[in-house]
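Participant: The sequence shown lines up with residues 1 to 332 when you count with full-length UniProt numbering.
If you are wondering where the hints come from, they were derived from the structure by calculation, not from laboratory data.
Any given hint could turn out to be false.
[Said to hold, decoys possible] Distance ranges between label pairs, derived from CB positions:
id, residue 1, residue 2, range
1, Ala236, Met1, 36 to 46 Å
2, Glu138, Thr289, 54 to 64 Å
3, Glu278, Arg105, 19 to 29 Å
4, Gly17, Leu146, 21 to 31 Å
5, Gln11, Glu185, 50 to 60 Å
[As the list claims (entries may be wrong)] Listed below are the simulated DSS-like cross-link pairs for lysine-lysine, each with C-alpha atoms no more than 25 Å apart in a straight line:
id, residue 1, residue 2
6, Lys303, Lys286
7, Lys322, Lys286
8, Lys123, Lys104
9, Lys113, Lys77
10, Lys286, Lys331
11, Lys322, Lys303
12, Lys331, Lys303
13, Lys77, Lys104
14, Lys113, Lys123
From the three backbone atoms N, C-alpha and C, an ideal C-beta is built for every residue, glycine too.
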Amino acid sequence: MDPRSEVLLRQANLFTGPLLLAGLPADDLLGHFPEAHGWSWHAGEHSLLDTRFSGRCHFGTEPAARDVQAAVLFLPKSRELTEYLLNALAARMGGRELFLVGEKRAGIERAAKQLAAFGQARKLDSARHCQLWQVRVEHSPATPDLHSLAQRYELPLADGPLQVLSLPGVFSHGRLDVGSALLLEHLDDLPNGHILDFGCGAGVLGAALKRRYPDSQVTMLDVDAFAVASSRLTLAANALQADVISGDGIDAAPTGLSAILSNPPFHQGVHTHYQATEHLLRQAAKHLTSTGELRLVANSFLKYPPLIEQHLGSCQTLADAKGFRIYRACKD
Numbered sequence: 001m002d003p004r005s006e007v008l009l010r011q012a013n014l015f016t017g018p019l020l021l022a023g024l025p026a027d028d029l030l031g032h033f034p035e036a037h038g039w040s041w042h043a044g045e046h047s048l049l050d051t052r053f054s055g056r057c058h059f060g061t062e063p064a065a066r067d068v069q070a071a072v073l074f075l076p077k078s079r080e081l082t083e084y085l086l087n088a089l090a091a092r093m094g095g096r097e098l099f100l101v102g103e104k105r106a107g108i109e110r111a112a113k114q115l116a117a118f119g120q121a122r123k124l125d126s127a128r129h130c131q132l133w134q135v136r137v138e139h140s141p142a143t144p145d146l147h148s149l150a151q152r153y154e155l156p157l158a159d160g161p162l163q164v165l166s167l168p169g170v171f172s173h174g175r176l177d178v179g180s181a182l183l184l185e186h187l188d189d190l191p192n193g194h195i196l197d198f199g200c201g202a203g204v205l206g207a208a209l210k211r212r213y214p215d216s217q218v219t220m221l222d223v224d225a226f227a228v229a230s231s232r233l234t235l236a237a238n239a240l241q242a243d244v245i246s247g248d249g250i251d252a253a254p255t256g257l258s259a260i261l262s263n264p265p266f267h268q269g270v271h272t273h274y275q276a277t278e279h280l281l282r283q284a285a286k287h288l289t290s291t292g293e294l295r296l297v298a299n300s301f302l303k304y305p306p307l308i309e310q311h312l313g314s315c316q317t318l319a320d321a322k323g324f325r326i327y328r329a330c331k332d
């Protein structure tokens, strides 16, 4: 069980009524609190929870309209996302208790200071390298407008400026990361058809692809609900149309793709995970047409070419700069 969940169970007497667990891990916690419901913005974790606890977990960027006696936020990585989530919960919890639980290395003590805006916060427990904080919400904030929190920036691309909008918690919030910038320079000569932007984030790559290849169908896929919402905002800001879907990795993608492009993620919370990218490389061929192509950017220290060649075909390095490489492989 997740150590944050273990800390909650040490204080189980505090959570005896209707309870909202926001950002909860995909473990057994809901089974210990029969009146609890979850709110998740991670499609993979939501799917696991929904399979085990059908109908007891909501997926999206806002909490479901449900009356609860208390709410618990599992601390996310992003400070901006933490602020949004705390305000979204506190706006609904006037006079009731709001809890914050997280790992010390994730910055729980710093994040707990944000509770002071709602009332007198206190630390209830410290165990498993985690802390649990509580506040009775005496000062309810206004319900935050998520879209108003989007950061906008403009990319001067060869075919004209591209507007990008990113929401709190989305990868490279408010700026273009080095890997994506390099990949944007290598979008030439893609096969016509159906193109997938895997791990679309704020929608930079997918929007650029749709504008570069207007006759191609573009699908944008991400595991994070805030990324999906960001991509839709970016498309709308540029008067572009594409399919934006949430799902847990390449298994959620369509088949019959002419190309898969990606700046794949390798962080989840404060932890490093390569599984999603490695699974993409193993399964990409199943989603591509017989002449389909994979093109991705990755940190140069990651040993992806052998995996690409094992499961897809000959791997070509299109670029090597600033600690990143662009890999291209066509289906054998």
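Participant: Work down the list of hints and note, for each, if the structure agrees.
Facilitator: Hint check:
The hinted range of 36 to 46 Å is satisfied by Ala236 and Met1, whose Cβ atoms lie roughly 41 Å apart. Separated by about 59 Å at the C-beta atoms, Glu138 and Thr289 satisfy the suggested range of 54 to 64 Å. Take Glu278 and Arg105: their Cβ atoms lie about 25 Å apart, and the range 19 to 29 Å holds. Taking 21 to 31 Å as the suggested C-beta distance range, the pair Gly17 and Leu146 conforms, at roughly 28 Å.
The hinted window of 50 to 60 Å between Gln11 and Glu185 holds, with their beta carbons roughly 52 Å apart. Annotation: proposed proximity of Lys303 to Lys286 holds, straight-line Cα distance about 22 Å (limit 25 Å). About 32 Å separates the Cα atoms of Lys322 and Lys286, which puts this hinted pair outside 25 Å; it is violated. About 13 Å separates the Cα atoms of Lys123 and Lys104, which keeps this hinted pair within 25 Å; it holds.
Distance hint between Lys113 and Lys77 is fulfilled; the C-alpha atoms sit about 15 Å from each other, no more than 25 Å. Simply put, Lys286 and Lys331 have alpha-carbon atoms about 10 Å apart, close enough for the 25 Å limit, and the pair holds. Restraint check for Lys322 and Lys303: satisfied, since their Cα atoms lie roughly 17 Å apart, inside the 25 Å limit. At roughly 19 Å between alpha-carbon atoms, Lys331 and Lys303 fall within 25 Å of each other, so this suggested pair holds.
Proposed proximity of Lys77 and Lys104 is supported: the alpha carbons are some 12 Å apart, at most 25 Å. At roughly 11 Å between alpha-carbon atoms, Lys113 and Lys123 fall within 25 Å of each other, so this suggested pair holds.
When each numbered hint is compared with the structure, a violation occurs for hint 7 only.
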